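Sequential numbering from 4 applies to the sequence shown in the working numbering.
In short, the hints are calculated from the structure, not lab data. Source: prediction; values computed, not measured. The reader is advised that the hints may include incorrect statements.
Below, in silico cross-link-like pairs of lysine-lysine (DSBU-like), each with a Cα-Cα straight-line distance of 35 Å or less [to be verified]:
hint, residue 1, residue 2
1, LYS302, LYS711
2, LYS355, LYS568
3, LYS615, LYS573
4, LYS568, LYS210
5, LYS63, LYS52
6, LYS302, LYS355
7, LYS555, LYS156
8, LYS292, LYS302
9, LYS351, LYS596
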Amino acid sequence: MNTGRNSTVEIIVANPGTGKTTTLARKVASLLKDGVSENEILCITFTEKAAEHMLRSIEKEIRDQGMIRADIFGIRVSTFHSYAMQYLKERDISPRLVGNNYLRYSIYRSVMERNVFNYQAEYIIDQLIPKIENAIRYLKSFGIMPDRIEADKCFPDLEDMYNQEGVSNATLEEVNAFLSYFIDIFRDYETRKNRDGRMDFNDLLIKFLQIYHEKPVRYRYVLVDELQDVNDLEAEIAMLSGDNVFLVGDRKQAIFGFQGGSLSNFQMFMEGEGTTVSTLGLNYRSTSKIIEYSGEYYKLSSSQGAEDLEEFRAFYGEQGEDIDLCITKDPYGVVISRIEDALPSLEKTGTKLAVLVRTNGQMEELAQLLSERGIQFSSTISGGLISNARRDILTMIRGIFSSEPEDIVNSLFTPFSGISMREAFNISQARRKDRLDAEALMKLIGEKGGIQAREFNSGNLLEFFDDVVIPVSLTMGRGYFNSAVAIKQGIMEYFEIGGEKTLDEMIDFLSFCDYGSDAGDTTSNVILSTVHKAKGLEFDQVIYIPTGEKKKRSFIDVVMHSILKGTLGKDSRGDLDQEDVRVDFVAFTRAKKKLSIVKKPTNGNRFYIEGKTLLADPPETVSEKQQRKLYDEAYALFLSGNPEASRSLLEDRKKWVREAITSYFQGLNSISFSMVSTSTKPFEFLKRYVLAIPLATKALSRGTRIHKIAEDLFTQEPEVSDEDKIYFENIKHIHSEIENKYSMRQIGA
């Protein structure tokens, strides 16, 4: 990579809240004042929103300096990807872009076709496919393609890393085998993408570098924001594009390592020959106590870039409130209690309180609780999917387009079925008692005014969404509604991808598709965000909910890092070390006036600093959730054209449920581990144990089929599909083994 020998490099280390965007804007204004032409300046950042913000800042700076003749639109301000795409288009290359869902779909196809894992499909979709997706994107951020990977060169590093990392969920032999599978999965993705004439975002950068020397474009000045997030491809593009490079960033805020953002690139620029480095230390955002706590926490926890904190201090000198740390077993309850206490003041003053979390799982749980409490909030991930909404919607889709009785019964217990839960329970009981088939079930559901079966095609699906799913989702809260809209988008994307369409495959596709938005919404007084999405933002008050201990690297991580080491000789694990500390630091420094940390007891004391932290007691009581479910269900029935059932439901007040619960516990003789583990999710407990609703999973469906094969093998000639032949042969083998070894034979089924 070009390290700057052909370019002059100036680096500004910008501590949080020190005005890095203003610094960039002033640099542009200064260049224009010195006679540099607008079309000789290129400004690059990471998101379209950040590019717009940078352009506005430049415009303001130019206006403030009275430079009325400057052509603001002559300055190129773009992301790395939009810059690369425009370059390719100017050379008659018009990329058709694919998103992450295309990559996930390709991985899913390869994993299933190659029988890579023996895990349940749900675990593969929820846990493994996203990790494989991240690994492929990470390797491509270094310019690594499958044809460059030589497995033999990776095996020694893989063994060393396996032993160092202490991977516990796979043997070394299994991880070695997965390395070969991973290369095949990676190659399958590139083959499918190329066959369809598509490119992903990393392809834009790779293609730019491949053809750049044929027709180079060079600016006098290239200005790059967020240097700590620049990956190898982007660093090379920046250096190739400018005679003079002006870089702004902060190692302590490097939290996008999983996307290829590299601390080693930052260090390489810092140590380059002729590079000039200066530091911005005056924080214009936070109180002195927030700055002092954040700086001290970082210095105690990490050595990477800690020297940049020597000049880090608050500009305004306001001491502010103490940082309060609340260690509690119920962090969400504490947070909701604090939000409710703060709401009157927030609404009166127009100030904003942000709840920052680490993971999307935390976001889902908290968003659901806030919605159930009736607390209005905004989210920086406006299009994200919440798991309970996805589950309900996919269960309903499967129910109305499937011919399996279990699928139909399960769909009755979603908000979209058009019948009450009591009627759903009665139909479920009738199904078990009278062994109703799909046709009889649908007839019974129709008599109760429920949603009827439909033929599986895109037109019927989208019509069902417009008529039922979207209106009902409106009653279920912001997150639920956004999820419904996102799943509809996923359905349209699925039917645009070539190949034969099946209900099962579409359900799987919708199970792993993701439509998180970069834009989001921060207009409410209460804002919910991950730390990563909050980067670059600021809030009057911040409540931060950290996660627990750092997880060990998975076998997929080990394979990914061994490929990087074996292909490029790079060990990138150091770049990702201590990232948890950097995420904490970013979270702390979003706060302007007040910072609170609410943490579970595990390792909670690491946030306590003597003299800088006030230990707060959790509230004695947290008020109970508002009970809105009854009215949501009644409204759903009304929308489904069943007003009498809606009125009856409101009058009934679910006495039948209380009676069912009483009867269940009166007859309970033992408690299983799975029962205890479900007790934290009351509605799941109710459906699974009290109402005994069959749990719809692929594993259960497969088990039911295998059981039927085993039964038919004794009573009649079984009908066996190609997919189930292996189970059929296994059953026969078991029978033979039992007869030969124990002289026993089957006498009933």
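These are the hints, each one checked on the structure:
1. LYS302 x LYS711: The given pair, whose Cα atoms are some 63 Å apart, is violated under the 35 Å limit.
2. LYS355 x LYS568: Violated, at roughly 45 Å.
3. LYS615 x LYS573: 40 Å, violated
4. LYS568 x LYS210: 23 Å, holds
5. LYS63 x LYS52: 17 Å, holds
6. LYS302 x LYS355: Given that 35 Å is the threshold and the Cα spacing comes to 29 Å, the pair holds.
7. LYS555 x LYS156: Judged against 35 Å, a Cα distance of about 24 Å means the pair holds.
8. LYS292 x LYS302: 15 Å, holds
9. LYS351 x LYS596: With Cα atoms ~16 Å apart, LYS351 and LYS596 stay inside 35 Å; holds.
Consistency note: the structure conflicts with the earlier hints numbered 1, 2 and 3.
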